[in-house]
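S.K.: In case you want the letters, here they are:
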Amino acid sequence: MKKLLLANEAVARGLYEAGVKVVSAYPGTPSTEITEATSKYDEIYTEWAPNEKVALEVAASSAIAGARSFCAMKHVGLNVASDPLFTTSYIGVNAGFVIAVADDPGMHSSQNEQDSRHYAKAAKVMMLEPSDSQEAKDFTKKAFELSERFDTPILLRLSTRVSHSRSLTTLEDRVDVPLKDYVKNPKKNVMMPAMAKVRHEIVEERVIKQKEYAFLSELNKICIKNKDIGFISSGIAFQYAREALPDASYLKLGITYPISEELLKKFASSVKKIYVIEELEPIIETACKACGIEVTGKQLLPVTGEYSVELLRNRLFGQKPYNCMEGYDMSKVPGRPPVMCPGCPHRGIFHILKRLKLTVTGDIGCYTLATLQPLVAMDTSLCMGSGITSLHGFNKARGDEYMKKCVGVIGDSTFVHSGITGLIDIVYNKGVGTVIVLDNSITGMTGHQNNPLNGLDIHNNPAKQIDLVMLAKSIGIERVRIIDPFDVEEAMRVIKEEVNAMEPSLIISQRPCALLKTVKYKGCVTVDRDKCTKCKMCMSLGCPAISFKNNKIEIDTSLCNGCGLCVNVCRFGALKKEEK
Amino acid sequence: MVKSIVIAGVGGQGTLFASTIIGEAATLKGFDVKVSEVHGMAQRGGSVITYVRYGEEVISPIIPVGEADVLIAFEQLEALRWAHYLKKGGILISNTQKIDPMPVITSSMQYPDDIISELTGRVDNCIFMDASVLAEQSGSIRTVNSVLIGRMARDSDIEKEIWLEALKKIAKPAFIDMNIKAFEAGYNYTV
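Chains as they are written, first to last, in my numbering: chain L, 1 to 580; chain U, 1 to 191.
Simulated from the structure, these hints should not be mistaken for lab results.
It is possible that part of the hints are untrue.
As the list claims (entries may be wrong) - Taking lysine-lysine and the DSS-like style, the derived pairs with C-alpha atoms no more than 27 Å apart in a straight line are:
| hint | chain 1 | residue 1 | chain 2 | residue 2 |
| --- | --- | --- | --- | --- |
| 1 | L | Lys265 | L | Lys289 |
| 2 | L | Lys289 | L | Lys211 |
| 3 | U | Lys3 | L | Lys2 |
| 4 | U | Lys88 | L | Lys320 |
| 5 | L | Lys517 | L | Lys577 |
| 6 | L | Lys3 | U | Lys3 |
| 7 | U | Lys168 | L | Lys40 |
| 8 | U | Lys169 | L | Lys2 |
Just chain U, with the same shape it has in the complex:
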């Protein structure tokens, strides 16, 4: 069995950190792992997705549409944009934050106002959480990624200790405590 996780966000939000943590945790657990990242032009505030797959043997690093077990979205509109990657029975974990893209800023398009209800009706398992607030409470808005990973980790097939070990390995020493706090906030999150 291969687990496929799509991470979607806005360039600069820290999606790469999230994929690195998940990749590291899966490696520590002894799985085969592939992670696909986006560098370059797409990072300049554009829509960014990264893919993480782990299991006995991972073939393509890119997750096929309609086959993701989990979609972690850092922002509502990005949850909507990439929801089609989810498989039947897939899980969406989304931050409720909204960031206006340029077409909305320039008023040429509207930010859809029905995202949460639309996705709740279509996706089998939806978790919308205010990860930004939990991140700020943990010490910095920059730890949104750890909050979201924490929530995902709770239902994963990788033990909590391994997740924490991965966090400690990847986060910069000065930010480890903050990220662990954020991870715990996500892990213990209940609606």
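Excised from the complex, chain L in its bound form:
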């Protein structure tokens, strides 16, 4: 049976068919749907882990314990998980172990554009790269076979356009793979210097064997058509190249690490002019040049952003697409950046922080949108967890007095992911910063995943809920406050008090995400024209339902959900909540 599957769903199907037993992951666009889809298969134990490092360690160890195991993450998640990645490469596996990593060329939903193929090379872990959903499923299954054959973890590299594209995929049955025996073997499973020295030699030998395999493998494909022109490519770029250069010969690499030099030479010997078409880093290109093959790649094609069929046609052949809008001044077209949703709890807190004119060290999540107009209430955002550690950095650079003008913010899921250690750093090293946990009871930006702070597991079953107040007290924070970000005056008073206290404090800003089914705002806000002074305080909230048209404040009733934040913010009582 064929089904129109997202490649992420196809990976999940591959896990099911390959007899996988354990999956652990932390959500991250564009990888999230792999784990969500996997959780629907009763045969596979699936969990949301607090972060990617935890997920990778759990899955790597389940493999040592004898079960086919898997973890998934986005490209920056692999940074977090990179510590165990390098050593799991030395240890190898027992039952198969596969790590999916989804890159985001073009940064649709990410803070950088790093190329995960560097990790494969650095950690000497074989990497497979599918270019559509059928391959995503087939390569996933093949990866388990190769993992067991070469005693290695395997990286499965996806990218946004592969992960989030649907194509027809043939479904097959699950093969039940029994647990492998676990036999105590510290020489292999305990990596301390004496053992690791031996294992490193084995890793190097393994790469040589894998290159020999890559030369013959059906995962790499040579297709000779026009002998004058050819290209080498992988992943989604292969699809763009095939469409832009339909008659060209090609070498499609399904294994992007290690690359077989012999295979490159074999292809080069049959084709005159060769383009290397790869998004992001010139990794295949460098491999070609290192073995003396003349190719054209980054000389014509960018290292930044994502590729497209029209980009290739333009850069390689100077072609321009038909454009019905030619001559129209597109700079007149207003952009439509993403915004916080109507009823978003983050809007309240950032409105307050802006009014208090605080420097805000921020983090990664929906609330990063507070950086944009009109809130413009975030100063820094580095990575998951940095809302807290950046605050401490500012503290130690500018002194304790500066902390009266400063606050760090972090989401609930992000706090569990990598905020706790930063908070301990503040307490342990006598920092005085105020941290606000934006607790909206869900992992929001990635599309609503449960986490250890909301008391539900991946299947929506009850789970132990972290008690943030007790956690803060146990690490030595004396000042812990709870606020409602929509109770503007009270929340403002508490934040002022806490930033002025010369000791670390934690504020928990509690209000659930407006998109949660359990949140039921009612009615709609109306404007009392007699009372409205057009001060535009409500406009500063950046709510998409509020606008200023024809010299008056208007509420878009199709967008307003009656959350009432603007009513609390209006100083003239001009906004009223009414039942719809």
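Since chain L is already given, all that's left is putting chain U on it; use the hints.
M.R.: Frame of chain L; chain U shown alone:
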């Protein structure tokens, strides 16, 4: 021959539902199909486009600029923003609804007032329809996607029965009737 359809709208308007229906209908018809979606950050009220391609063999899931057969726009400004995807002779099916983006709300930019006339002059086949009203008449503003698909379906190479089958397969059971009504309203729409 590959048919390429770009669906443009504002995050939250239901563009994903539309691409899923078209993908399903093309699959039922026996075509090769690729659909590309946008998840994550871009869904939060931002400009969103999805691509659907079907035919004998589809290669890239992303439609090249200047090659779309059809652009379905859920909102006027999004029609303008993505019109360059249309090929010569392409068809624009656009809802006349306007949703102000943040730069317009904050008065830093103006919502262009000449969109319909501009696009009518530039795009070979333009259909502007008040899909929101037709959707409301069918039971819910949420069925705008089915109205627009209905209009597109009329001129497509896939039979009406197949479209209806796809709708029944994809829509949640409680909303099937409403969506079929909306589809019919779009299918039978005349200026």
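S.K.: Give a verdict on every hint.
M.R.: For each hint, the structure was consulted:
1. Taken as a hint, the Lys265(L) and Lys289(L) pair is honoured in the structure, with Cα atoms around 11 Å apart against an allowance of 27 Å.
2. For the proposed pair Lys289(L) and Lys211(L), the alpha carbon gap of about 17 Å is at most 27 Å, so the pair holds.
3. Using a Cα cut-off of 27 Å, the hinted pair Lys3(U) and Lys2(L) holds, with the two alpha carbons roughly 20 Å apart.
4. Of the supplied pair hints, the one linking Lys88(U) and Lys320(L) holds, its CA atoms being roughly 13 Å apart against a limit of 27 Å.
5. Distance check on the hinted pair: Lys517(L) and Lys577(L) sit about 21 Å apart at the alpha-carbon level, within 27 Å; holds.
6. For the suggested pair Lys3(L) and Lys3(U), the alpha carbons sit about 19 Å apart, so the restraint of at most 27 Å is met.
7. Distance hint between Lys168(U) and Lys40(L) is fulfilled; the C-alpha atoms sit about 23 Å from each other, no more than 27 Å.
8. Between Lys169(U) and Lys2(L) the alpha-carbon distance is near 15 Å, which keeps this suggested pair within the 27 Å criterion.
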